[in-house]
Amino acid sequence: MSTSVSRSNTNALLISILSPAFLIAVLAFSGGPGYWLDLQWVLLLVGGEIALLLMGFPWPEIRRSVARAANRSVEAGDSARSCYFWEAAARNAVNLGVLGTLVGFVTQVCSDTGGLSGFPAAFGRALLSTTYGIVLASIFGMISLKFRLGIPTADTPDPAETWEQAPQSSGFWSHGLGYILFLGLFLWILFSSVPAGPYRPVDWFVHWPAWLVVLGGTIALALLSGSSFIGTALVPGFAFTGILGSFLGIGQALQGFSAAKIQMVAQGITFMISSCFAVLAGLLAVAYPLLDRSRDRRSMLLLRVVWYGFPVLTLLLIATAAVMVMIPIKIENAGP
Amino acid sequence: MSRSKLSGKDVEGMLRRTFRDDMPAGLEEEMLRRFETLWFHASQSSAAPRDGIASARHVFLPHLFTAPGLKKLLLAGSALVLLITGGALRIAQSSSYLADSIALKQTASSVARRLRVANQMHCRLERFDGGENPLLFSISWAEGTGTIVEIGAAGSMEILSVAADRIRTSVLSPPGLIPTGKPRGTPARDARLEPVADFLSPAALARLLSGPWLAPDPAGPGEKVSGDYTVILRGGDRGALVRIDQSTLFPASLVVYHSDSPGLLVRSRPLLTAKFQWQQASIPDRESR
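First to last, the protein sequences are chains A and B.
Residue numbers are given in the numbering used here: position 93 of the first sequence equals residue 93, and the series is strictly consecutive.
Residue numbers are given in the numbering used here: position 170 of the second sequence equals residue 170, and the series is strictly consecutive.
Possibly wrong hints are sitting among the right ones.
[Said to hold, decoys possible] Here are the computed lysine-lysine pairs in the BS3-like style, where the Cα-Cα straight-line distance is at most 27 Å:
# : chain 1 : residue 1 : chain 2 : residue 2
1 : B       : Lys-275   : A       : Lys-261
2 : B       : Lys-72    : A       : Lys-330
3 : A       : Lys-330   : A       : Lys-261
Keep in mind that the hints were calculated from the coordinates and are not lab data.
Kindly produce the complete structure, drawing on both the sequences and the hints.
Next up, the structure:
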């Protein structure tokens with residue numbers, strides 16, 4: 001145990017040095033704080049993180065995990081659940097960051113004020129949200145690692161708090177507060193991005209075919225999984241449906257390029273982007289909180305792949321969509 | 001394990017095999033802890049079947065078919081309805097603002113590219129500068145030849161000037177079309193050509209249309225035709241309604257208005273109207289130009 005405590009101290013020291021150094025380096029090498037500061041995305045990340053943690057964990061557990069993270073040493077009994085708490089925080093940060101980038105991308109595409117020439121710059125601005133998410137995830141991941149290094153081995157059992165120990169509080173009020181906060185924040189993010197032209201966020205963000213396919217597919221996959229934990233079933237269910245929807249969309253878009261049909265390309269990109277948006281919204285609002293509350297630790301490898309794999313895939317698809325939007329359709333030898 | 005299925009002797013035998021005398025130290029506590037864990041998981045789920053411990057072994061066991069309940073059937077039915085509805089809407093290609101916006105941006109990009117590969121353009125233009133009768137312009141541009149502009153009123157058109165715009169292959173230009181004393185490639189423009197300077201060549205037209213493109217407001221007045229777009233023209237003080245030929249992606253017509261407000265464009269008086277005829281390069285390698 002003394003070895004793990006010593007390693008945790010070293011880790012905590014590294015975190016406290018590296019995190020500010022990383023932020024300072026980012027600011028110093030990339031155009032100053034003015035370029036890197038976007039309050040909209042800061043609020044989305046910070047507020048969203050707080051809301052999601054409240055949705056997934058009872059208040060006493062949040063308080064305990066935060067208090068333990070502030071301690072420089074890790075005592076036996078701190079480990080497993082606090083490790084998961086901070087890992088969930090890192091997961092939420094990455095997913096929220098990519099969701100923000102997706103919102104920024106859609107807003108830019110639909111914005112009447114944005115010409116094609118300003119599109120890359122605006123897209124770069126939307127990527128700030130993912131950058132914030134990665135910075136937060138790095139910090140939370142390091143804290144989680146601190147607890148992971150402190151997880152007792154078989155020689156030093158963890159009698160004080162096992163992973164599966166039922167929570168003392170049901171967390172009704174903290175979960176409710178979390179949902180209200182998340183909903184308010186989500187609506188604020190959607191409705192605050194008001195450009196000069198007509199703004200219809202429901203039309204912009206809700207493409208019904210994609211949302212219905214994602215919802216139906218997720219329910220079907222969750223049922224097929226047979227899992228008694230809805231959260232555990234929903235996470236891969238959402239992800240697999242999202243991947244399916246995205247690939248259907250990208251296939252249609254490529255067909256559109258081949259057939260020189262702009263509408264087909266646009267429909268394909270829309271389906272792809274909307275599928276990702278529906279999946280991220282579903283994961284954050286429904287699946288992750290249920291998973292966190294279930295205290296189910298099975299299939300963690302698969303779950304971790306989804307936690308980080310799907311946002312990365314979404315980011316790649318957004319970049320692909322951005323390139324596709326700007327690539328002109330090629331018409332061979334068409335007469336006037 | 002169910003008592004109805006196993007006799008007392010079976011249970012005793014199984015327990016003896018499981019908790020053997022030579023069990024390593026600590027294993028018994030670990031096994032008990034895991035049993036408690038599984039019972040906790042089973043008790044947490046209201047949907048768990050009676051043999052919930054078995055279902056906790058793996059996430060992807062198809063228990064849907066072994067334990068069908070009304071709730072699951074309803075959910076399965078809902079999923080099917082959602083999938084069918086979503087698929088039908090997708091096949092029907094239901095309209096979406098996002099798709100329209102993507103199509104708009106891609107149209108702008110594609111039109112700009114098409115204008116780069118055109119090799120002949122004819123434009124008939126009417127300009128309304130406050131008088132009763134519009135001033136007529138007939139502009140013919142061909143790559144390598146230059147631009148010929150005729151100006152006048154209906155029935156009395158005359159060649160006003162010949163402008164050498166973007167001349168590249170001078171050997172193809174007929175004698176006299178290139179003004180002497182001017183550097184090649186520099187337009188020699190009559191002052192009266194200035195009002196139509198943006199229409200003297202596809203390149204000039206592409207620059208004019210390089211501003212933001214807007215989809216016609218569905219709630220706004222005026223007839224909505226597929227392929228009609230509003231463009232804020234270069235400089236930002238004028239707007240235009242441009243109709244794009246969907247099969248060739250060349251502009252078919254253009255109406256320029258004074259206002260740059262999308263809502264006012266269709267109501268304000270036009271400054272000029274232009275109708276185009278195009279011919280594109282037929283050699284594929286010109287596409288890479």
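Do the hints match the structure? See the list:
For the hint pairing B/Lys-275 with A/Lys-261, the CA-to-CA distance comes to about 24 Å; that is within 27 Å, so the pair holds. Restraint check for B/Lys-72 and A/Lys-330: not satisfied, since their Cα atoms lie roughly 49 Å apart, outside the 27 Å limit. About 9 Å separates the Cα atoms of A/Lys-330 and A/Lys-261, which keeps this hinted pair within 27 Å; it holds.
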